[in-house]
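Engineer: Given chain D, work out where chain Y should sit, using these hints.
Line order of the protein sequences matches chains D and Y.
With the first letter of the first sequence counted as 1, position 326 gets the number 326 in full-length UniProt numbering; the numbers rise by one all the way through.
With the first letter of the second sequence counted as 1, position 122 gets the number 122 in full-length UniProt numbering; the numbers rise by one all the way through.
What the hints contain is simulated information worked out from the structure, not anything from laboratory work.
In this text, all values refer to a predicted model and were calculated from it rather than measured experimentally.
DSS-like, lysine-lysine: derived pairs with alpha carbons at most 27 Å apart:
id, chain 1, residue 1, chain 2, residue 2
1, D, 156, Y, 239
2, D, 215, Y, 239
3, D, 239, Y, 156
4, Y, 215, D, 176
Number of protein chains: 2
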Amino acid sequence: MVRQGNIDNPPKTPLVPGFECCGIVESVAENTHGFEIGDRVMAFMNYNAWAEVVCTPVDFVYKMPDDMTFTEAAAFSLNFVAAYMMLFEVASLREGMSVLVHSAGGAVGQAVAQLCSTVPNVTVFGIASCFKHTSIKDSVTHLFDRNADYIQEVKKISTDGVDIVLDCLCGENTGKSLSLLKPLGTYILYGASNMVTGETKSFFSFAKSWWQVEKVNPIKLYEENKVIAGFSLLNLLFKQGGCNLVKSAMDKLLILYEQKKIRPVVDSLWALEEVKEAMQRIHDRGNIGKLILDVEKSPTPLMANDSTETSEAGEEEEEPEGDNDSKERMPFIH
Amino acid sequence: MVRQGNIDNPPKTPLVPGFECCGIVESVAENTHGFEIGDRVMAFMNYNAWAEVVCTPVDFVYKMPDDMTFTEAAAFSLNFVAAYMMLFEVASLREGMSVLVHSAGGAVGQAVAQLCSTVPNVTVFGIASCFKHTSIKDSVTHLFDRNADYIQEVKKISTDGVDIVLDCLCGENTGKSLSLLKPLGTYILYGASNMVTGETKSFFSFAKSWWQVEKVNPIKLYEENKVIAGFSLLNLLFKQGGCNLVKSAMDKLLILYEQKKIRPVVDSLWALEEVKEAMQRIHDRGNIGKLILDVEKSPTPLMANDSTETSEAGEEEEEPEGDNDSKERMPFIH
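In isolation and in its complexed conformation, chain D is listed as follows (with noise of 0.2 Å):
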């Protein structure tokens, strides 16, 4: 969205993409504490990670566990922070409850999904384009085409509706994932990837989008006992001071890492001179998790699926990863 211009109050060009990196520590401030110069960190940007030197505030930085890769670190802390607090702040996730997500196969989607997996008898109802299927299948409980009428196929198996529904798109779906919340049901809107509908920068089909989400009554949701949620990492991180809840979601989520019940869902390496091939991929929702910015890798794509031993030859780098964004996680760019 921000390379469409699709945000609100864009930046002005020229700017440096991207909202979370991983490196090594090369120099601190004075009277910085808690943090050394050769500590392996990951780190929250607003704006300019996809670099090979960066510069971020103490607060948005946090401690690489050891045994976790640089690539794992690249993808692990917005998807994560993202995923944990909509299910188990902005909603409640407890055990037996079912959760649907929309664009299940994307990064928070693979997110959403390892997490629901660690409270028990969570049913997860996953929506991803047909082709990402048999990548994504073991991941969630039921997996449905984003073009067939989901709606009556969730019916089908849970006649009541849904606990959860994590939605990152708008417009037309609002009404509908609404509609199949149960009664004290939440349903979290925390993007809006269908604005991003043409290659070029539009913002009139932005400005469509927008006005055609259905603006809720108060007084429905009260009749209906429904909760509706909104949710921006970036703007809770970069615009509302939000860095101390943020810090309590990743303790939480490094224990989870720790005990290896979570672990982040890398696509594809990438250099940095392949940055329009890869923004290219995210554009044809062809994307299974995350795609990761290389700064040190040569210019030529290497599958994570294709060879783990290869990726994981990246590790020792001493330059910082940047990465970019999952079409699922464009709704973050603001």
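Structural biologist: Chain Y alone, transformed into the frame defined by chain D:
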């Protein structure tokens, strides 16, 4: 609202109002398990609770704790279940959070204040008419006049807003209350007592309030990281099959009652013949807590605060007590 005809699909008149009661079991249907004749019980009713004898499905009936009086039992269920489910299931009240409650002097408001005191370090901002302040000032942390600019007053104390807003009003207050939410904060609309605008039945005034409720754009919620919810306990119970959810809340509330952490606030006891005067007291917003219709009481109002001894004299009565609804509870009548 039932009395004024201010609901969507009012039942045909003549009707008997009332949604909860308590008393002693007179008879049970065949194959009814868990209850015997002579049990002291409280029950939810889909209308018809203002009566000497009532009949309701077993799923809506709960045994009274041994040390609970009938006066307490008649005021316990709806208020505490609504307050509990809103604070702990729709929102996730945790240590250190802040809660703003409108109509703090009403029965639900008082239940909210008591439940907040069971969680460490929770700040409660109460909004109530000035003349109630002396009576309820000890139940909340900060108390504001409903006619004052309480938004500014709350922001003076908590510059970044509050975590949870419980709003039994609607109309102009919705937008004001939403603006008070912290990021990730939850606004819950649990009724619409603003709709009770006149003494006479007035569909027009109802419809006008209805349309004045500001609709909410989900994208605004996304940008601001906010949650908006509606809660109607009666719809949950009688239209949406929520018995099991309510039972789970009741079980927890009865433990809190037995631990002496919560206790229903009773405004006054009235004879069935005094129902008109009792309703006027509610309409004038005169009550603190709940008004009880006591079927064995003679027609002279007895203020609960005047003599606890005397009000407890009704405990051994064998007839069920209906209860009427304070204005703050009117929203549940739907």
